[in-house]
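Place chain B with the ligands on chain A using the hints.
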Amino acid sequence: MSFLELVNLDKRYTQKGNLIVNKMNLSIHKGEFLVFLGPSGCGKTTTIRMISGLEDISGGDILIEGKSIINLPPKERGVSMIFQSYAVWPHMTVYENISYPLRLQKIDKDEMDRRVRASAEKTNITEYLSRYPSQLSGGQRQRVAVSRAIVVEPKIFLMDEPLSNLDAMLRVSMRTELKNIHESLGATSIFVTHDQSEAMSLADRIVIMRNGLIEQIGTPKQVYFDCESIFVASFIGTPPTNFFNLKVVKENNRIVIKNENIHYTLPISEEKMLAPYIGQDIIMGVRPENLEISQSSSDETFFVSNADFIEPQGSHVIIITKVGESSIKISSPLLDLQAKNKIFVSVKENKAMFFDPKTEKRIR
Amino acid sequence: MKKLSVLQKTIITLVMTTVLLAVIVPIMFFLANAFSNGTEIYEYPKTPIISFSVTVYVEYNELNNEYTVKYVNRRGEQQNAINSNSGLLLSNYFEQYFSVYKTGDELLEDFEIVKTEGPKEFTYAKNMFHNFKTFFYITSKAEEALVNSIVAVLFTILISLTLGSMCGYAIARFRFRGKDQISVFLLIVRMFPTVGISIPLAVILIRFNLFDTMLGLAILYSLPNIALTSWITSSIFVGINRELEEASLVFGANGFQTFMKITLPMALPAMAASSMYAFLTAWNDTISALILTNDHPTLALAVYQAIGDNTTNLQYAAAGSIILIIPALIFTFVVRKYVNQMWGSVSV
Ligand SMILES: Nc1ncnc2c1ncn2[C@@H]1O[C@H](COP(=O)(O)OP(=O)(O)O)[C@@H](O)[C@H]1O
Ligand SMILES: [Mg+2]
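Chains as they are written, first to last, in the working numbering: chain A, 1 to 364; chain B, 1 to 348.
For reference, chain B alone in the conformation it holds in the complex:
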């Protein structure tokens, strides 16, 4: 018995470690990329550790009267970087390839000492926001895209939660013909790849003047999520004792008040979970946005395009992805609280 429990413990530890590694290692690489400067990004092998500073080795070349700057990587190896005595060139190079923000004068002042004391290493702090700034700089519509994404997400949540929860309630509470077929059909909708629906939908959206609008996009995103929301909420609604609603009716509420004050709050965990799915569908999609928009990209699409246009500067796309992730993270953490909130979990 005891031996078994040790075995179990070992297995559980192994599994958890694997899962953690499988999650953490890619995230570490991803973060390291997002905060890499233009030189680090091409290093091989990559270290999944974020670096906060840059070390350069500087020699003074009397013959040409210029500084030879070499980049020192984390293993101490030197790579040629730039030969120059121009403050402006040095400063630009440091910004672009090292993410170090120093004026030419500052750099020249630092390097002066090399002339008298011989070659020397200097360490500078990286500007950690460099990639983010550059992302917004090179992605002309990034700010607009962020707003677009938020609008698309809000519409998606609104549409899929309203229709989905009403549909879920009907499935849970009423008996009508074709109910079983409808609930199976909802699942089938869920199986469709959205891109398959995007193309025919594009035609319809153009008809209704909704092409290249966030509402049009949200309609597409809502299709699978209405189905999902109905499924999730109907299972919760079925579990809500009818007497709770009936008590509300007896004690002075009408049907609508009862739904809003009794039924819906108790289905809140289901609504929260559904809104999370709706959020992620709308927030992370690129392919449908590519089909259904023209001049108004979502943020995910903007990031995708940044990678597409700029394969040489992967770190900016990675930074864009971080910008994409942050709202999703915040939303998930806020909503998670409600997903786990089962009424009655508070014990004495």
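Chain A extracted, bound-state conformation:
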């Protein structure tokens, strides 16, 4: 059984306004680290605020362990939250901040002290317990927020871009720590971010959102290599997926996908999938690392071009080239490739993704 379940969840901020969250269905397992990923304004914050009870819902239901929580106030939902601004109370010491939830629960003093210290230890802030937040750095305040979130032993952790105010170095080390804490507590977490590398490195599963809709739910590997839509393919990955506008035709009894510069013979195993599209336009997407470069022409050659620019990345190079009007990026292990050289590009077997140009969805 799923632990947390969103059922047809809707949200509008004004009566006749847009659906900010649109019929969202999602189920989260116990112990899972789920990441909401999407561009700014897609409704990630709204969704977790609805789960926490800080925002009313406009339709649908939210269930924790099978029970609807939509009529409960935030404090009775068993969730705890790490806010983007940390929301550490400036007029309380670190100790008071962490113990605040326990004091409200009227937990016995010794027990409270023990729990506050234990959670402070988990986040390495024991030595700052008597300080005020203004005497702490951003990273330390963040730890206080984490400490306060874990002290209540919640059913679910909600984190809204908790790392976005930290500098780049700290962000990376802190995300490892968050993941460690998540694992050591056996917690269930929802983490919101618009940073895909954060999402990729933390998530058990990623929920990719756009305009209040879920575009895809999957493991980091799935959302990267097995995209459900053009949006996901272009949003995930740096550099993003290369797209080609092509036509599906039948040539010599094989299905071929082509335009004036490009020629791709579909593997037999995929023919059935694209058979209905013969004679129609199609969008083909290939990840930069799934394009291969060779110095000579072959049957597999996808297109022929010049390596206009080469950007060394250390372990590999990014080759920027042009086919027709569109710019294409290729990630290649050929470190000593020279710019302006002629290149013959082919697609790794079964690594092309095909999208319907009307629905922008993957053709399966």
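The set of hints was computed from the structure by calculation and includes no laboratory data.
Some hints here could point you the wrong way.
Chain B is nowhere near these chain A residues, computed Cβ spacing over 10 Å in every case [as the list claims (entries may be wrong)]:
1. Ile70
2. Pro90
3. Leu104
4. Ser184
5. Gly279
6. Thr301
7. Gly314
8. Lys322
9. Gln338
10. Ala339
30 Å max Cα-Cα, derived DSSO-like pairs, lysine-lysine [said to hold, decoys possible]:
11. B:Lys102 to B:Lys120
12. B:Lys261 to A:Lys155
13. B:Lys261 to A:Lys109
14. A:Lys23 to A:Lys109
15. A:Lys16 to B:Lys179
16. A:Lys106 to B:Lys261
In this text, a Cβ means the ideal position worked out from N, Cα and C, and glycines have one as well.
Just chain B with the ligands now, with coordinates in the frame of chain A:
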């Protein structure tokens, strides 16, 4: 560049000196008045220095068998004071005009020496509390007035802070129709001279049996201060990050607990500043108190009446004013600490 900074320094020094003088000189005169005795108060020109003693020049007049006592002012000039050989008369005169507390016998004993050794100057310590004692003596309701003032102040602070901060919170946090109009209207209330409201309010207060009560008076004082408090606090509430309140809700508090434990403490500087204004409005007002009370004056009113009844004894009114100022000073200094307390000013 350097020349400019010297110029700047000079200007700043001049400005600060002017400001200091503008503040200090009147205060010095005022204090000197409050501690003047009945003779010093009529001296001209006045010295803005408090004197702690009185010097008299005493001659023995054999013809009438009496002492001629002359007052010696700070420039050494003598003024006739009293001719007498009665200890009682001398003692009364010394108390009333010199603020010197000596029995007749003590004085006569001191003066004895003049008979044999000729005229002589004597210096006596002034009783610095004389004016204060006299103020309470001649102002029959001074003690009651002090209590009244405190009650009026407490009511005023309570009413204006409670209503004002709630109104300020609503303006800061909620969207509702007419919000802009309300906040402008609050400022307009502030522009009204309270005396203008006093008269119509008197009628209403009589209706509700609140005329001549401190609660009635506090309601009047609260009117402009509710408006002011809403303005001051709403600007602070707007600045308080909502996430701080939301965190409190998530971590187990209800709305009221959140307001009391999170929002209000962070708005403390605003509350302190507002309470200072409320205090001063209620504490210093005379004119509205004159209109809205009958038998129960506030201290400010009592002082005002002491001056009005007793123009010849300005020093007692000045002493009354000091009594009026002291609580205001204490309150201001206590509260000032909170006004300046911005959470986060403590640096590493
Ligand atoms: N309180 C609000 N009132 C009206 N619209 C809002 C409110 N909060 C968010 N929105 C709108 O909802 C959309 C989604 O916002 P949000 O959930 O904050 O996005 P994200 O967190 O993914 O960046 C945005 O278009 C935003 O303008
Ligand atoms: Mg957001």
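These are the hints, each one checked on the structure:
no.: 1; hint: Ile70; in the structure: 16 Å, holds
no.: 2; hint: Pro90; in the structure: 4 Å, violated
no.: 3; hint: Leu104; in the structure: 4 Å, violated
no.: 4; hint: Ser184; in the structure: 21 Å, holds
no.: 5; hint: Gly279; in the structure: 56 Å, holds
no.: 6; hint: Thr301; in the structure: 56 Å, holds
no.: 7; hint: Gly314; in the structure: 39 Å, holds
no.: 8; hint: Lys322; in the structure: 47 Å, holds
no.: 9; hint: Gln338; in the structure: 54 Å, holds
no.: 10; hint: Ala339; in the structure: 50 Å, holds
no.: 11; hint: B:Lys102 to B:Lys120; in the structure: 18 Å, holds
no.: 12; hint: B:Lys261 to A:Lys155; in the structure: 25 Å, holds
no.: 13; hint: B:Lys261 to A:Lys109; in the structure: 19 Å, holds
no.: 14; hint: A:Lys23 to A:Lys109; in the structure: 45 Å, violated
no.: 15; hint: A:Lys16 to B:Lys179; in the structure: 23 Å, holds
no.: 16; hint: A:Lys106 to B:Lys261; in the structure: 15 Å, holds
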